[in-house]
Amino acid sequence: MIKPDRFVRQTSLSGFGLEKQAKLADSKVLIVGLGGLGLPVGQYLNAMGVGTLGLVDQDFVELHNLQRQVLYSEDDIGKLKLEVTSQKLKAQNSQTLLKCFDTYLTKDNALEIVKEFDVIVDATDNFAARYVINDACVILNKPFVYGALHAFEGQVSVFNYEDGPTYRCLFPKMPSPEETPNCATNGILGILPGIIGTLQALETVKIITGVGEVLSGKLLVYDGLLQNTRKVSFTVVPENKVITKLQTDYGFDLCESSPSISAKDFLALQQRKKLQVIDVRSIEEFNKDHLSGSVNITFEELKSSLQKINFDKDVYLLCQSGKRSERAYAILISLKPEAIVYSVSGGLNQMASVCP
Amino acid sequence: MIKPDRFVRQTSLSGFGLEKQAKLADSKVLIVGLGGLGLPVGQYLNAMGVGTLGLVDQDFVELHNLQRQVLYSEDDIGKLKLEVTSQKLKAQNSQTLLKCFDTYLTKDNALEIVKEFDVIVDATDNFAARYVINDACVILNKPFVYGALHAFEGQVSVFNYEDGPTYRCLFPKMPSPEETPNCATNGILGILPGIIGTLQALETVKIITGVGEVLSGKLLVYDGLLQNTRKVSFTVVPENKVITKLQTDYGFDLCESSPSISAKDFLALQQRKKLQVIDVRSIEEFNKDHLSGSVNITFEELKSSLQKINFDKDVYLLCQSGKRSERAYAILISLKPEAIVYSVSGGLNQMASVCP
Amino acid sequence: MTILLFGVTKDIVGSPSLSIPTASVTGRSIPKTVRELRSFLNKSYPELGKLSSLAIAVNNSYAQDDEQINSYDEIALIPPVSGG
Amino acid sequence: MTILLFGVTKDIVGSPSLSIPTASVTGRSIPKTVRELRSFLNKSYPELGKLSSLAIAVNNSYAQDDEQINSYDEIALIPPVSGG
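Residue numbers (full-length UniProt numbering), protein chains in the order written: chain Z, 1 to 356; chain A, 1 to 356; chain L, 1 to 84; chain B, 1 to 84.
So here's chain Z without its partners, still in its complex pose:
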């Protein structure tokens, strides 16, 4: 039951009204990525009354996110973005059904996750995820709302909307990591994701409700420096509308994830030189089994034990599965921004499978 007063500014809006409001309430929108783009999309769709919001992210809040990811507070640093976002969206609108996916969207889970939703919002920060989303949406016949940033610029479009063109009709091949700088090496003006994310939210509402004209077959190119907007039209390349399965490999270039080192590379490196390895598991776990030469500082005591770490040397954080070490990374790098810190991805579990 929607309280009539809550959405009165929309239900009294000529051209919107109760009918469109009901469509919002019935809709299911998936937001992939809870960073600069995903947060305004989530906040506004949640405010406006979208019935079901899916949230996908496995990243932790870091200090340098706060410059543009405005839902996060200083207290949230080191917490899972998914947890913080779902908690704040719940407080904002308790009527929304939130579906949380504590993972990144990958070729292995994309079809399973995407199929539950009516509209997908691409709020990711890397090409691999964008091409996975495109292909999954084409396979499952879902429209997706694209937004992406570069410095003072942004792009918005709606791909695969009804018979409209896809991301690959515009950009057929995924760029290699070398040819295009990723967001970690290139800056973003903090307000840009706010502008592009809100435009994505509007296109999502237009798809759901049918008001206005959906930005399909048009790429909106926004230049914040000159406050210029241009719309480039493009058409379907028929072969791109026929995708039957995801590729076996999309590469990997998550920008916002912590500098992590694979278990394999870590072991290889360790053979060549003595590394400063901090094991952030509990004392019990550590005592049962640990890597020779590693030092145990539990995740809980990390903040108060900085003096035990030599920040003039590289720091390698280790745990059982790679989750706590990633979180520990976020905390350390916030407190010691100049330090060089790695999280060993997959942790001891992964190491066991690498090194039998």
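One should not assume that every hint holds.
Stated by the list, open to error - Below, simulated BS3-like cross-link-like pairs (lysine-lysine); rule was C-alpha separation at most 27 Å, straight line:
1) Lys288/A / Lys273/A
2) Lys173/Z / Lys43/B
3) Lys336/A / Lys23/Z
4) Lys88/Z / Lys336/A
5) Lys231/A / Lys32/L
6) Lys50/L / Lys231/A
7) Lys231/A / Lys99/Z
8) Lys88/Z / Lys90/A
9) Lys79/A / Lys99/A
10) Lys88/A / Lys79/Z
11) Lys23/A / Lys336/Z
12) Lys90/Z / Lys231/A
13) Lys88/Z / Lys28/Z
14) Lys88/Z / Lys115/Z
15) Lys88/Z / Lys79/A
16) Lys173/Z / Lys50/B
17) Lys32/B / Lys231/Z
18) Lys303/A / Lys90/Z
19) Lys90/A / Lys90/Z
20) Lys90/A / Lys336/Z
What the hints assert, rightly or not - Reference listing, derived: stretches of chain Z covered by chain B, where coverage requires no fewer than 3 residues with Cβ under 8 Å from a Cβ of chain B:
21) 25-37
22) 228-242
Bear in mind the hints are in silico, worked out from the structure with no lab data behind them.
This structure is a prediction, so every number in the text was calculated from the model and none was measured.
Ideal Cβ positions, reconstructed from N, Cα and C, are used throughout, including at glycine.
For chain Z, the structure is supplied; the task is to place chains A, L and B on it using the hints.
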């Protein structure tokens, strides 16, 4: 001291860098209005590192605000917007100096408040405030960033920037309340203030840092339905650059304030018919002196005493100064959206001056 | 001549644009300046005449009342809006 | 012929636009199709040639490689961007 890591995405941005970041830190921005436009402006400027943010608002959070005023949660209903906003902005960035003005901007306080700041953001919802801001900014020689909404449309411009034109060069005369519907009777699509507010934040950053081209002498007209942006150029009308004092009257048409009734009208009405008057002051205050026929339900016990109120009849809320009754209004209307509720503005204090 | 409508002018006319005949088939005079256009609009839609500040843009420039207009110009009615 | 640059192409060239001579004063051939333009750009800026997906818009429409271009066209280089 700015932690280097916090703004790394801006300081590493070619064309921005440490120099522009320092300009943000040194700047003082006044945000007039903490509604749909003011909140994204505040969130992003606070995130990006503006050193001093002034906040002006005297309104309370109501349920129907939540559809577009995304900083507010359901728990905030009935609280002062200024308190909620300053608290959340503080948590988001503890380094920002927040200057709170618990008032509406009026002809009586505008010059005093505006003079402290470098850039003024007009995030109000009514013509009276917009013309007051324009005139105060012309008198004090401050640029102001204008944003305004109508249904699916928005307007953005920077007025009085250096030798550039003012609001009156575009719209010379203030519309009368009759000729243009106000926001309470006309709807707003929830995402629109997000789009327009983020554009205002960007223009503010451009004024402060000098990056890009400030939207001066150009009115950006945004149509969300068609995702069209047009820029209309206009020039200075010299007489509008010369304002020496504020007008004696700008009218009054605050959209977001509660349906309130003036003490005078209330007294006149009460002579003609028996009104249901709820006095929300404390028992002590009530016992000392009260309006004959009024019923005392203290503000604190209001939520749990709904059964004492007859919602089939109009409800008139009364307190000493009009502040608690306005807050009580927000609570009642959230719980009983169909009820007809008035807050007697100025309360018993005002009544005393009306009726000697 | 097509006129694009914004803000309350769209609500008054009830559509996002408005066509004005460019040849006088009816014997009525055709607006040749912004002033004549204002007067033409006020006759057709008296509510438009009540707007105390209504900017008229010709080819994306604010136009003074004595500016000439012709059928090739892109004309827009832009009133102030107040929502926030 | 002026070419507007977006995304990483702006960074590669180091400016928001690029001028290409439209008359062959140097004896070098002038690009007359999008394909020739691509080849011209790749010679001048080898980094542009490395972009696997670079959309070229002519008068705000995505242009195929065999589309003809001339000096009156508004041309824009639009690469995919990835930030979020």
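A quick look at each hint next to the structure:
| no. | hint | verdict |
| --- | --- | --- |
| 1 | Lys288/A / Lys273/A | holds, 25 Å |
| 2 | Lys173/Z / Lys43/B | holds, 22 Å |
| 3 | Lys336/A / Lys23/Z | holds, 24 Å |
| 4 | Lys88/Z / Lys336/A | holds, 25 Å |
| 5 | Lys231/A / Lys32/L | holds, 24 Å |
| 6 | Lys50/L / Lys231/A | holds, 25 Å |
| 7 | Lys231/A / Lys99/Z | violated, 41 Å |
| 8 | Lys88/Z / Lys90/A | holds, 16 Å |
| 9 | Lys79/A / Lys99/A | holds, 18 Å |
| 10 | Lys88/A / Lys79/Z | holds, 18 Å |
| 11 | Lys23/A / Lys336/Z | holds, 25 Å |
| 12 | Lys90/Z / Lys231/A | violated, 39 Å |
| 13 | Lys88/Z / Lys28/Z | holds, 19 Å |
| 14 | Lys88/Z / Lys115/Z | holds, 26 Å |
| 15 | Lys88/Z / Lys79/A | holds, 18 Å |
| 16 | Lys173/Z / Lys50/B | holds, 12 Å |
| 17 | Lys32/B / Lys231/Z | holds, 24 Å |
| 18 | Lys303/A / Lys90/Z | holds, 22 Å |
| 19 | Lys90/A / Lys90/Z | holds, 21 Å |
| 20 | Lys90/A / Lys336/Z | holds, 22 Å |
| 21 | 25-37 | holds (count 4) |
| 22 | 228-242 | holds (count 6) |
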